[in-house]
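S.K.: As a plain string of letters, each chain reads:
Number of protein chains: 2
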Amino acid sequence: MIKKYTSGSPINTGAMIKEFQGEDISRFPLVSRFDGGKFRFAQSLGKNAIVYGLGEAPRGINKRGWVYESFCSDDPFHTETKSSLYAAHNFIIISGNESLGIFIDFPARIRWDIGYTSSDTCSVTVDGEDFDIYLIYGDTPLSVVKEFRAAIGQSYIPPFWAFGYQQSRWSYPDARAVDGVIEGYDNAQIPLDCVYLDIDYMESYKDFTVDENKFPNFADYVAEKRAQGIHLIPIIDAGVKKEDGYEVYDEGRKKGYFCKNADGTDFEGGVWPGIVGFPDFLRSEVRDWFGSKYRLLTNMGIDGFWNDMNEPAIFYSAKGLDAAIDKASSLKGENLDLGQFFDLKDAFAGISNSPDDYSSIYHLIDGKLVCHDRVHNIYGASMTKAAGEFFEREFGKEKILMFSRASYIGAHRTSGIWFGDNHSWWSHILLNLKMLPSANMCGFLYCGADLGGFNGNASADLVLRFLALGVFTPLMRNHSALGTRPQECYSFENTGDFRDIVQVRYRLIPYLYRLFRKASEENDMIFRPLSFDYPTDPIARECETQLMLGDEAMIAPVYEQNVGGRYVYLPEPMTFYALSGEKVRSEKLDKGVHYVPVALNEVPLFVKEGKQIPVCKPAMRTSLLNTEEIEFL
Amino acid sequence: MIKKYTSGSPINTGAMIKEFQGEDISRFPLVSRFDGGKFRFAQSLGKNAIVYGLGEAPRGINKRGWVYESFCSDDPFHTETKSSLYAAHNFIIISGNESLGIFIDFPARIRWDIGYTSSDTCSVTVDGEDFDIYLIYGDTPLSVVKEFRAAIGQSYIPPFWAFGYQQSRWSYPDARAVDGVIEGYDNAQIPLDCVYLDIDYMESYKDFTVDENKFPNFADYVAEKRAQGIHLIPIIDAGVKKEDGYEVYDEGRKKGYFCKNADGTDFEGGVWPGIVGFPDFLRSEVRDWFGSKYRLLTNMGIDGFWNDMNEPAIFYSAKGLDAAIDKASSLKGENLDLGQFFDLKDAFAGISNSPDDYSSIYHLIDGKLVCHDRVHNIYGASMTKAAGEFFEREFGKEKILMFSRASYIGAHRTSGIWFGDNHSWWSHILLNLKMLPSANMCGFLYCGADLGGFNGNASADLVLRFLALGVFTPLMRNHSALGTRPQECYSFENTGDFRDIVQVRYRLIPYLYRLFRKASEENDMIFRPLSFDYPTDPIARECETQLMLGDEAMIAPVYEQNVGGRYVYLPEPMTFYALSGEKVRSEKLDKGVHYVPVALNEVPLFVKEGKQIPVCKPAMRTSLLNTEEIEFL
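Residue numbers (my numbering), protein chains in the order written: chain A, -18 to 614; chain B, -18 to 614.
Just so you know, these hints were derived from the structure itself, not from any lab.
Hints are supplied without guarantee of correctness; some may be wrong.
As the list claims (entries may be wrong) - With a straight-line Cα cutoff of 30 Å, these simulated DSSO-like cross-link-like pairs (lysine-lysine) come out:
id, chain 1, residue 1, chain 2, residue 2
1, B, Lys127, B, Lys(-16)
2, A, Lys63, B, Lys63
3, A, Lys274, A, Lys223
4, B, Lys378, B, Lys499
5, A, Lys308, B, Lys223
6, B, Lys313, A, Lys300
7, B, Lys(-1), B, Lys(-16)
8, B, Lys28, B, Lys63
9, B, Lys326, A, Lys300
10, B, Lys300, A, Lys326
11, B, Lys598, B, Lys499
12, B, Lys28, A, Lys564
13, B, Lys195, B, Lys223
14, A, Lys19, A, Lys(-15)
15, B, Lys223, B, Lys236
16, B, Lys308, A, Lys313
17, A, Lys326, B, Lys326
18, A, Lys308, B, Lys187
19, B, Lys378, B, Lys274
20, A, Lys569, B, Lys569
21, B, Lys308, A, Lys300
Excised from the complex, chain A in its bound form:
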């Protein structure tokens, strides 16, 4: 059962597809109050209650014991003391004797104190007075998820080839480099379906342009790669370079499509291309306009995109930069005291993604200028909606791969997400794992993290272990940053180990794809916490290093360095499979605690008694898979 409570005049975020009769917020059944323009409510937490949700967010599957904030943030340091990542997924489930789902449909900040200040209380602060809150009542957390998911609409399904292995880097600078990647994989006999084009494929970082010096005759090049079975996936950034004569910018400016300053002039911020205008994606005519620009690339044969920098990330504004430079200039020749020194240092450190800049941006909603602060969390989702609406109109469903960095619930209907600019940290294997069921609860099925880690240098064993989790994530992409150690599988020693891992992915694609479609069609989850399936088993309830996969299996990746195995808990008897290329090692295990050996070239998988997992032969491309010739684990 879903109950809706409305306060004020909520902005339509597009999250819900079902309509509910809203009751007035005065009838909201939880302890609550309005207070200084904010709405606060609280719910007590039983000693053993688990709080699920928040989709792409830091920390655990059980969100208890921390304060989270819904605020799409471009912050690459995904450490434990952060409160936000790139998304705002305002859905939680408080699961005690019964399960209560709470979805707050509100595009500005929300603070979730989930047993941090007081371990037995979940206190939520909505930073505004115009919102809808949905309470979803159910017997189990899964029933709450399913009812919620039915209300927000079916999840995006990408093309089949999007389940292949994908290689990315910031950046493969030109066609030759891309060719080198494909060659590297082909020579090492490691399967590959996609190569990504990060920002450097563009002409001066201008959206919907291709630098002819780097990629001459791009359409031909795309076709040539397609003939090799490879899809090229270019990045699209939110900001449009301010440059006279650049068609997209000129059009956007002429039509008044960019976000404004308070005085109605165009807001200008500095991002990769230098100064840009930010399209006001919240307007349907702007979405139509921007979405149709993707045609410039689809016309060249491109059939996949990733949308980036759409929180939006703002490196600086002229105003913010001037203020910092002025502060520095005014201190020239002064004998600074420590306070002045730190002030100055902070002025420069805080110049990017600054609250002042966000507060200076205005959107045109129903003819009125609305401050960005009020709608921040749907900006990125609206960009992706622009593209998604265009793709469905133009090509139909399941034709174009697309995923986004920033997101809000609702975007799950037209795109996937990736979990942003993580690090080559062993701890980020588990962070990736923990976000999978949380994202699924919020409708995001096509998702994954940068395998091997984006920032920082990776060791070969880290990449292998990360990939062994990635074998199961719908988006299986290895991506790394400028200046880091090459992270392509063939760049490391013992490439056979990498082949063994990636081949396992290809063997499982028929199973994973079917599981994915089913989860989308039935509003179900691909990955579930063990506590969903074994709610009375105390060890299963608190396990956050393993996940249930579909109805058949359990995954438990190795997430520590220099180990030859890991602890695993079996809530029921299962068969442990160590999959490596076409090799299969298996052992029946009883319910209970085990330590299982897992070599660097093995993918661990646990299959329930009486269940079978179909596998096919590996191939170098998804298009070469024989999905008819199946055997069973």
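Given the coordinates of chain A, assemble chain B onto it according to the supplied hints.
M.R.: Same frame as chain A, now just chain B:
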């Protein structure tokens, strides 16, 4: 057997107390070469070889799979991709069929590529041509440790009361705040022995001063606290405030005791007090002078110190700050491109602890100016030596508590260390655990991390779990930073849980103190990796979440949030004790893998068959412990 190889004219670091006849480096038996002023050598690593060592350093007990650097660094973000912490402990053990210890006695940078570039090779680069390398051959890693430890001399033993529980914060601003802490603990009936005074007790951050407004009649106040059984532990920073009329500075300047610029004038850097002079601790007359200044505080009854900022940390130099401000000024009114913007941002971000500043500092060694770059890693250790030499001369051994942030092997003879400015991250419980045996190998026995985490906000359960590890660390100190959530045990709900944990520490002090003394006297380790004791047990060999404690026991703290227990591996049958205040819950467990329940107010401890752990009754102070009345677990 220890073999010494000498290259050039090494600087005497004071690390070794035994003299060895050095052979010429040309006879060095490992594959090696000189190359551009550096010395490089390599040793192959067997598939299952473990590399131990590096003392206070990032990542695991087994250092394989990463690149480390010996370079004392003031960097509070102890993430996995860092290469250094605050110390330079140049000792590793390559443990395969035999064990090879390598100690590089060299005070400048060393790069340790331990199976990162190539998983089967340990490649070491010494950034200079004047060094000693010691090779220590042994049958087992422990025999290598013991031989090395005998060569570097007996470890520092603090006073007995230093095993009590200690509370710190940056900062308790005045006597009233300190009184509040003691009252808070006493009211909650949680034992306490020490309260720390961070930088704000001083007058304008001037070493060896006490702000009379905050602590009137300090000597009386210290005596009053001592009468309550509480020791006050003030911080001493490396830099001496530049202020005419401040005796320490005036003296230091007049006598030429501060580090120099290349032109022989005093180097000036900005730290907490603003501009400071850095005493040239490498000179014995400067150590004598600075060491004797501690008398200003010992005369007031102080008997414990912590030395900080002695890497040295330098927030800025006039030169570095001017350069950044000049860069900013020159860009005023310019339309910056992205390169210029990031350059400018980086100029301010990189102003602290900058390589340029370190290269501008000179020390007087044997009458010649030597660039700081050549001796960086013994600066902090030399500061601590200054104090330690004074204390031993003045008071004898075991009278004064002292530990330091920066360190080098050799400093272990006169002081302890703490592991620096960590974070309130769950992952830092394990980082703390992993550094314990590594520090022990290098002679540092009195050590510990900031329990609960220094930077960032802590939840109550994190502090409890962190403390439950801290129960076993010689230094058991809770410390947190300015602006973070209060982290004193009484600041949280359910203070009884905290009492239960801290009381367990007091019950174990007779055992822990005896274990500590014995380890110091016998050049032994308090904490050992399981692989030391069970080298042929594959699960024990790779276990990095448990430690052997003395010859009797094993520890295995809980290090995840929202769990009621943890996996533990028993390499032999043991009794599992859950200790909570005076309550003891126990269960005999077989060899193998178990999941043991551990409540938030319990300390897990595993005792071998046939072994006993003595415990006394808890008390509110170490001075109130009845160490005669013992029972046995």
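S.K.: State for each hint whether it applies.
M.R.: So, going through the hints one by one against the coordinates:
For the hint pairing Lys127/B with Lys(-16)/B, the CA-to-CA distance comes to about 15 Å; that is within 30 Å, so the pair holds. Distance check on the hinted pair: Lys63/A and Lys63/B sit about 19 Å apart at the alpha-carbon level, within 30 Å; holds. With a CA separation close to 16 Å, the supplied pair Lys274/A and Lys223/A stays within the 30 Å bound. A distance of roughly 16 Å separates the Cα atoms of Lys378/B and Lys499/B; the hinted pair therefore holds under the 30 Å criterion.
For the hint linking Lys308/A to Lys223/B, the alpha-carbon distance of about 25 Å falls within 30 Å, and the restraint holds. Distance hint between Lys313/B and Lys300/A is fulfilled; the C-alpha atoms sit about 12 Å from each other, no more than 30 Å. About 12 Å separates the Cα atoms of Lys(-1)/B and Lys(-16)/B, which keeps this hinted pair within 30 Å; it holds. Distance restraint check for Lys28/B and Lys63/B: the Cα-Cα separation of roughly 25 Å lies within the 30 Å cut-off, and the hinted pair is therefore satisfied.
Using a Cα cut-off of 30 Å, the hinted pair Lys326/B and Lys300/A holds, with the two alpha carbons roughly 15 Å apart. For the proposed pair Lys300/B and Lys326/A, the alpha carbon gap of about 15 Å is at most 30 Å, so the pair holds. Of the supplied pair hints, the one linking Lys598/B and Lys499/B holds, its CA atoms being roughly 23 Å apart against a limit of 30 Å. A distance of roughly 22 Å separates the Cα atoms of Lys28/B and Lys564/A; the hinted pair therefore holds under the 30 Å criterion.
Using a Cα cut-off of 30 Å, the hinted pair Lys195/B and Lys223/B holds, with the two alpha carbons roughly 22 Å apart. A distance of roughly 18 Å separates the Cα atoms of Lys19/A and Lys(-15)/A; the hinted pair therefore holds under the 30 Å criterion. The suggested pairing of Lys223/B with Lys236/B holds, with an alpha-carbon distance near 14 Å, which does not exceed 30 Å. Restraint check: the Cα-Cα separation between Lys308/B and Lys313/A comes to about 11 Å, which is no more than 30 Å; the hinted pair holds.
For the hint linking Lys326/A to Lys326/B, the alpha-carbon distance of about 9 Å falls within 30 Å, and the restraint holds. For the given pair, Lys308/A sits about 28 Å from Lys187/B by alpha-carbon distance, which is consistent with the 30 Å threshold. Distance restraint check for Lys378/B and Lys274/B: the Cα-Cα separation of roughly 19 Å lies within the 30 Å cut-off, and the hinted pair is therefore satisfied. Among the hinted pairs, Lys569/A with Lys569/B is consistent with the structure: their alpha-carbon atoms are about 27 Å apart, no more than 30 Å.
Our distance criterion of 30 Å between C-alpha atoms is met by Lys308/B and Lys300/A, whose separation comes to about 18 Å.
Hint compliance for this structure: every hint is met.
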